[in-house]
Amino acid sequence: MTTQAPGARTRRPGAYRPPAPLGGRGSLRHSPRHRLTVIAFLTPAIVILTVFVAWPMISALRLSFTDASGFGREKFVGLDNYVRVFTDGDIVRAMGNTAVYAVLFTPVAIALALAFALLLNNPLLPLRGVFRTALFTPFIVSLAVAAFAWSYLLDPQVGLLNHWLRAVGIQLGNVLQDPNLAMPAVVLVAVWKSFGFYMVIFLAGLQDIPTSLYEAARVDGASALQRFWSITLPMLSNTLGFVVIVALIAALQAFDQIYVMTGGGPYGSTQTIVMEIYQSGFRKLDLGFASALSYVLLLITLVLSLAQFLFFSRREKDAA
Amino acid sequence: MIKRTAAVLATVGATALVLAGCSGSSAPADAGPVPITFWHGYTEADGKVLDQIVADFNASQDTYVITTETKTWAVIDDTLLPSLSSKQGPDIVAMPAERLPVYADKGAFADLSDFYGSSDSNTADLVSQAKDMVTVNGTPYGVPTGFVPLAMFYNKALFAAAGITAAPTTWDEWVADAKKLTVDENGDGTPEQYGVAIPDHATVANGLWPSLFLSGGGNIVDGGTTAVIDSPENAATLKYWTDAITQDKISPTGLDGIAADKLFSSGKAAMHVGGPWMASIATDNNIDYGIAAIPAGPAEQAASAIGVSMGVTAQADDAKKAGAEAFFSYFFQKDVATKWSLGSGWPPLRTDIPLSDVSSNPVVASLSEIASTGRALLPGVVNSVDVLTDVDELTQKAVSGGDVTALLTTAQDKIQQAIG
Amino acid sequence: MTALASAPAATASPRPPRRRSPQARRRTLVSIALLVIVGIATLALMLPILIIVFTAFKPIAEVNAYPPTLLPGQWTLDNFTRIFTDLPFARLILNSFIFAGGVTAFALVFDSLAAYALARLDFRGSRVLLIAIIASLMIPFQATLIPIYQLVSDLGWVNSYAGLIAPRAADAFGIFFLRQFFLSLPRDLDNAARIDGASEFRIFRSIVLPNAVPALLTLGIFTFVNNWNDLLWPLVFTTQSEMGTVTSGLTLLTGPGGIIPQGVMMAGSLIALLPLAILFLLIQRRFVESVGTSGLK
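Those protein sequences? They're chains A, B and C, same order as listed. Residues in the first sequence are numbered from 1 upward in steps of one, following the working numbering. Residues in the second sequence are numbered from 321 upward in steps of one, following the working numbering. Residues in the third sequence are numbered from 741 upward in steps of one, following the working numbering.
Rather than coming from a laboratory, the hints here were simulated on the basis of the structure. Every residue gets a Cβ at the ideal spot worked out from N, C-alpha and C, and that includes glycine. It is possible that part of the hints are untrue.
Just a sample of chain C residues kept apart from chain A, beta carbon distances all over 10 Å, derived [as the list claims (entries may be wrong)]:
| id | residue |
| --- | --- |
| 1 | A801 |
| 2 | G813 |
| 3 | L834 |
| 4 | A909 |
Derived list of chain B stretches under chain A, where covered just means 3 residues or more per stretch with a C-beta under 8 Å from a C-beta of chain A [as the list claims (entries may be wrong)]:
| id | stretch |
| --- | --- |
| 5 | 468 to 481 |
| 6 | 713 to 719 |
List of simulated lysine-lysine pairs, DSS-like, C-alpha gap at most 25 Å [what the hints assert, rightly or not]:
| id | chain 1 | residue 1 | chain 2 | residue 2 |
| --- | --- | --- | --- | --- |
| 7 | B | K734 | A | K284 |
| 8 | B | K500 | B | K559 |
| 9 | B | K407 | A | K284 |
| 10 | B | K451 | A | K284 |
Using the sequences and the hints given, assemble the complete structure.
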């Protein structure tokens, strides 16, 4: 089945219109065929997302205004849950911890991933396939298992890391029970686990940079650092913007390794917002409050991500 | 193009329908015995004993048929809520005793007052502290499935090497023995061997410090509604033990229950307050262990108990509830209770079962001997999650050198807030 | 960071082979330097993985022994045999494949279709739709788990593959990810095709998709791994143990007191890890080599 030539429907006698750009401004945009095309492409995903994502989100929003526990006995409580989010000391502390976590995790994970992607993209490095696979392995290990391996490494009594460092005179102490070291430790585990995936995304993005650009720059006498700043980074800005948002969302939702390694301690120093949500909803059976806290988290994440997105799409326009 | 997309969608839809048919469950027959589902977390050999008891119950009558589903306790806790909310949950569920009040408070469990009141329920001789753990605001919402006090496990070989012939029976003896058993051969300030493994947070069954507080004459929460943690007795207890740990170094600091288990099983600690499973773990690690009661404090000899309770969920209709209660009565018959005790490795739930009946399992026999030291943990407290977190913070900070008086005041406020 | 400053970031155009030229020698030196740096970094990062591997072969007594060792003093296969005797492992692996594979297959198809619409087809509300999709990523799943469960239960899909797969057959992350990738592909070729009268679906299938292979592979691996390792989801949506997955099945090894027999757990995790590692090893070359077959470069 073929579509008519673009512009055919708008040809008026005596007037020549150049073919409309891809589905853009121009009559094509409103053609029934175009609309049908759009619907056809979107339908499967939209159906699934509406039923299994949008609807539960709306349910959760409704729950956030009640004192529901999940067993049917619920009472409307208005904004009480939301007020509690901002007045409960433990929740405020969790927000602070989550902010610290995000600030520590996001730049480190991205920098590490980008560094390795650049290194692994270099044709002068032998065994690239081996390294790619090895560096990706932390990502494919399940988080519970990874958390165990790290806890075992850091165990003050039988931990290998403690044992080796003690041999050279460094006393690590009980890392996971030290209020100052516990947060960096759980961030480290998350970085270790995630950077492989971001690295692969960057690798895919690096493939799309035409080598001719580098050639031209080299001929012009640009140094490697200049090539990085003026070619690699701008061409990667789409990818970079995406990774930043994704890493940020992951950081703000930190839960699994904290649950396994520190349980939110010591003294709540690694308690994050999602830990609170989990405990409220599943331990204390206060689903209404858990939902309210989730929506506050959503709003915070949305605001932060929109800011990132705008920043990077502006750069994308510059690069194009 | 549209046709092709439609074809894709149709195939997908058809596949989905086919997959929907491939489910693992099968609908039970309408006529015939009432089907009852039972979730429990006994994953080891004890689970097989329980499943056998259920099978025996099914065989003994033809009105009800109970099917068991084994998941870990943590998984039950995570999945009970979603499944009950859609009536896909179990009719009977067992869970760690301190979790039951939370669910009961939200209406997840059925009121069992009538069951306890009936004469053929076999509940008259149950351990009373165990019954306390299933009672919220005066109403019983479940029955005990297991109740065992924490016990002191000690390493006989290390004892012999230090010339100690009998396990300590009082706090002073305990600390004195621990000092003898703490060995720092190379004098670097870190002992290679500790006298005792005392965790300062997330203790075994959250029970170590409650045991110490009770033995010292204090308590955490009174009657489920009033915080009493800030008391001179508790202050004295905290001071006594933090001094022993920090000054005499009888135990490492910063341990949690699991790390303490590991310390004992690796032979690095001579004494450890643990649960019944330490017996098999010690054996697996080739440790010649002994079991004794937690030594007595100035006020009494109390050991916080590890409990498992089971109840009938709100999902069960009247017929299923009757079936569940019939099973409970069967479960508490003397012969079944004895069988369960021997199979689970925990003391019998009935006080009128003589020690001689359980002598075939030496661990059970030892634990049954000290059963009278058992005390319920935070009975009737709904928000035990926050209370235990606050107690953890109190003990952990105290052991790392905090000011006991100030910490107790803070804990008092927080705990009172938590129980509302 | 000297490696970054001195090495080109992309493939240089091929030069005619020379012998022993200063350029060749410098390249060898750079290669060796890179190898050493990346090698050491990788080894350090692999340490926890090595622990997992070696602990799987340690007998119980050695796991918590002091002083701790990396390598087992006594290699044993007991942990592995226990996995296969205590669990219906074959069935669990099958379930894992069906679950993770099913979700990945559907998600790749549905997500790429939707991403194409958002990236290439202009329509009213596309911006709003995009923001809504991205926003849905920002709510933690703990908040929507119970409403989703009630939905699945109302559909009668608890304990079925449909219940496990359908809610994830399309996902916001995949749509977002692919949309960004499609945006970065130059439009010259599909514009040309459009002028020639090709349908959007034709352009999607023959032009955009082949150029998107690295992204599709990346998303595929990501989706497969995440669903393979997902613990809570199968636990919640299947109440019967024979419908469980490998990760949920491994939790059944937890002993009383919540003590996890670590050697066994590591052995089980290794076995669960293997298919993923093999999968990635097989396709990781395609990430970088597929570009050569495209018509754009």
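Hint by hint, here is what the structure shows:
1. Interface exclusion of A801 (chain C) from chain A stands, the closest Cβ pair being 12 Å apart, more than 10 Å.
2. For G813 (chain C), the shortest C-beta to C-beta distance to chain A comes to about 14 Å, beyond the 10 Å cut-off, and the non-interface label holds.
3. With 10 Å as the threshold on Cβ separation, the claim that L834 (chain C) sits away from chain A holds: the shortest Cβ distance comes to roughly 18 Å.
4. Residue placement check: A909 (chain C) does not keep its beta carbon more than 10 Å from all beta carbons of chain A (closest about 5 Å).
5. Only residues whose beta carbon comes within less than 8 Å of a beta carbon in chain A count, and the stretch 468 to 481 of chain B has 0; fewer than three means the coverage is violated.
6. Counting residues of the stretch 713 to 719 of chain B whose beta carbon lies closer than 8 Å to any beta carbon of chain A gives 3, which reaches the threshold of three, so the coverage claim holds.
7. Straight-line distance between C-alpha atoms of K734 (chain B) and K284 (chain A) comes to about 16 Å, which keeps the hinted pair within the 25 Å bound.
8. Between K500 (chain B) and K559 (chain B) the CA atoms are separated by roughly 21 Å; this keeps the pair inside 25 Å, and the hint holds.
9. Restraint check for K407 (chain B) and K284 (chain A): the C-alpha separation of about 20 Å stays at or below 25 Å, so the hint holds.
10. Restraint check for K451 (chain B) and K284 (chain A): the C-alpha separation of about 22 Å stays at or below 25 Å, so the hint holds.
Comparing the model with each earlier hint shows violations of hints 4, 5; every other hint is respected.
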